[in-house]
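Protein chains in written order, with the numbering used here: chain R, 187 to 316; chain Y, 31 to 459.
Treat the hints with caution; some may be incorrect.
[Said to hold, decoys possible] If you want the footprint, here are the derived chain R segments under chain Y, 3+ residues with CB under 8 Å:
| no. | region |
| --- | --- |
| 1 | 266-276 |
| 2 | 284-290 |
| 3 | 306-312 |
Derived by calculation from the structure, the hints in this document are not laboratory data. Even for Gly, the Cβ is constructed at its ideal location relative to N, Cα and C.
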Amino acid sequence: MKFILNTGRTVTQGWHVEHKYHQGYFEETSSCFIHPLDLMDLDLEDGEHVEVVSEWGSVVLRAVSCEDLRKGMIFVPLGPFANHIIPPRTHSTGMPDFKNITVELARTERERLTQWELMEKIGGKRYENQ
Amino acid sequence: MKINDVVCPFCGCLCDDLEVTVEDNRIVAVDNGCTLANAKFMSKERLASPIRRTGDGWENISYEEAIQYTVDMLLDADRPLLYGWSGTHGEAQCIGVHVCELVGGIIDSTTSVCHGPSILAIQEVGHPGCTLGQVKNRADVVIYWGCNPLEAHPRHMSRYTTYADGYFLDNAFRERKVIVVDVRETETARVADEFIRIKAGGDYAVLSALRAIVRGKGDVVPGSVAGVSRSQLERIVTLCKDAKFGAVFFGLGLTMTRGKYKNVRNAIELVDELSRHTKFTITPMRGHWNVYGSNEVFTWMTGYPYAIDFCRGIAFYNPGETSAIDLLARKECDACLIIGSDPGAHFPRACVEHLAEIPTVVIDPVPSMTTALADVQIPVAVSGIDADGTAYRMDGVPIRVRKVIEPTLPNDREVLKSIHAKMKEARGQ
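Here chain Y stands alone, though its shape is the one from the complex (with noise of 0.2 Å):
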């Protein structure tokens, strides 16, 4: 049976248009996805119990126990971390604030480890941004700044930019220039009309250059920016304001690097200054499929978007203090639930290091790096592949992801619910 389309729930692109053949309860076959969505959907290694580490190793264990020990480790916790959620969908990320309110602890995505220091900028200075579509339909000038998305979201040129066609340009692929950003000539330079290649740790500098450019001070602009000679910033400024329509694409270029927010506030600002010229938009390349999702979900229901702490009995917001690498850093939880993310990679090792010496669990459908780590891990359902739920594509538009298989499993907001009406039950409520 083929099924037409199926959303993919790996990056923030969320392509819908993917058919995938299934036989027997089982997928065969994935056409019109990357290479990353392929990787997910034949995906055949996930663990079919709940797991608890032993002395010497692992034993498996029913849903009943796992679900149990995750209960009582919440309830026993002085400062529990709830983190993750960026690899599940909307109604678990509710579920998840819930759990967290009860227990008072502090709820973090992985955005505090990908886009925080954008929302950061955002909130001083807005977000000029825009759909997919609109970039897609109308945009004859696009920035790639700081990312790489033939590796990272490898199927975004060619559904939006630069091998996309436009209902308002005539030839797309030749009247739409792009421009990308970066310290390494990466796949996406190489295909790029202009490539600006800066030093590391530059781009605030460039981008300061360019706003004065734009603001018709070009003779403050010193003869070589961070590695990139002002000629070349000039033919950019001009290439920009020539624009009908510009869309500027960042990435973590700008929010790893030195400078952090204060990059992205910049990259913001320049889109402000070009659109006193023309139109110009500017949209964060987001990574895991529905990180942004948390930021809509977080911010409804507790009125920010990541890194919400509840110890005070409401919701207190201050990354740097509250969010999940710094309280690792600080050894200050005592307890983590981990879903839908694998700090075990991703985090530096001083914080995986607590990790390791604290209670954990981990709800994730497949064994990572931060199984090492955990107590106990609860398999559950792939969103998008055998549960259902929303999610929200990079540029904030909610998708239905669905299911293309009956699941064995429960999903995320099954395993939640059940921790929270147990919670719930031992508090007496």
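Isolated chain R, as found in the complex (with noise of 0.2 Å):
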């Protein structure tokens, strides 16, 4: 199914933002804020896990069910999973495409990567001493 995805702060993400390798932060920013009819449409309850994809690419995430949202559009928090799908094109401003971008849902079984994962997926590494 077709979904219009939106990114933006919440006051958790902000929490974290001198915290990003704790479980809390993983959680804010791996989860997609969804419509409770939304949810019934994809076959996906509350908590379970659904891969969106753009033309950029695809991420596993946390389905998490929320009223705030009109039918046909999801919430992801600010931050690395959200990132791994947003295109880089500025269209000559500077500034990508952070909100209003189609991506497609469905339910899916495989687990999220941590924030950790992904970074080494692209050629990081992880810093794990503190």
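Two chains, each in its own frame: build the complex with the hints.
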């Protein structure tokens, strides 16, 4: 099913700005907030996993029921999970399309990667000495 | 020991009324701060020493080694990018410009992924702004457009708008009308007197419709614009025209969505239209505590507010070409110095991939997603906690952030000064 992806700040994401390797940051930024009727259409229960696919890639997130949204829109808090599928083009403004992006959603049994695993997937190295 | 009137170095509100309790050079309590301030002041998870990436992990290195690595990296690069700057103080930003000019690099701040489009719009049509004190004391209509202050700037409404007393308002809470425009019904929307819910990407159309109604041309507006009824738009215009003083605050809902700087230009021109009837102002909700300061410092020193390229030997500015996202997406830069920001978490993957491929140094107190992409990280004292310096609030007011504990690590300007001095020495200057 097609959806409009919106990304942005949340207070929980903000709380973890200096604690990005915490479980709380992982849980918040790997969440996909979605209208409960859309959850039903996708045959998903709250907390189950969903694959979000843009023209730029795909990422597995945890579906979270949320009535703040209109049907047809999902919200993913700002962070490495949302940015895994955000296109880098800026239309000559310097600013990528962080909001209002068309994506496809489907139920999945796959697990989410952690934030460190996402970084390692692209050539990074986790820092675990903390 | 209790320290009063401490400035919070988290968001663009720069709240200056925190009370911090210090015992044995450790912060043990923070009063008056929001949850974001508490998290920052109480954080105990800083790096204790510079680190360098090895084949299978990380090793601690000395400051001398880390600084020498940074100097060599910048001097060896053909197209270095110096990015971040919103999480440090103005004095360090000044040295950053000098370092960039010396190597003919590009300096860009997080502006390019927050209110860069707002600056482009302001450069087209100007900025009818005011200080937050004017809003607090005078505004009887406040519009939050495409922003969610209760989550991103948690004390904005209590210090300056909805819940704040106003010198020229008898009963500010009752007299002040708050209008929220958003695609989501956020917590902020739920406390508004009027919530305008628009369809995603409909900002430009709704702003244009409001301008038409203010101009007396409402008959050209269709019955519904981007999901908003004409009757609601007419009601909003009446509310605005009847205001004694109106203040618009806008966020990334305008700058990050389709239209980008044209959305902001339209919002400024709506304020212009409303100012023909009453007094209206507009202010961007700047995110990082000193991102506004990076624009000020860069403009004094180079003539341009962000995305400045020195490769021609003079300052050149062309967002979309010289901005960090575009440079990284084109895989153009061959080294990167990052300070006071976390592009690893906040840039699109294609840009982050390139950071992982090139030599990268991070100057930051804590491990972040960018740490994973770096070759070296240099920890520093935190501005506003164990380092002092100058910051600019979201309305352009400079505020001195103080240190409340004694530092055990060098601060940003000291590290950058060392880097700059060694580079000049290497260049025989």
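Right, here's what the structure says about each hint:
1. 266-276: With 9 residues close enough to chain Y, the hint holds.
2. 284-290: Per the Cβ count (3), the hint holds.
3. 306-312: With 6 residues closer than 8 Å to chain Y, the region 306-312 of chain R meets the three-residue bar; holds.
Of the hints listed earlier, there is not a single one the structure fails to meet.
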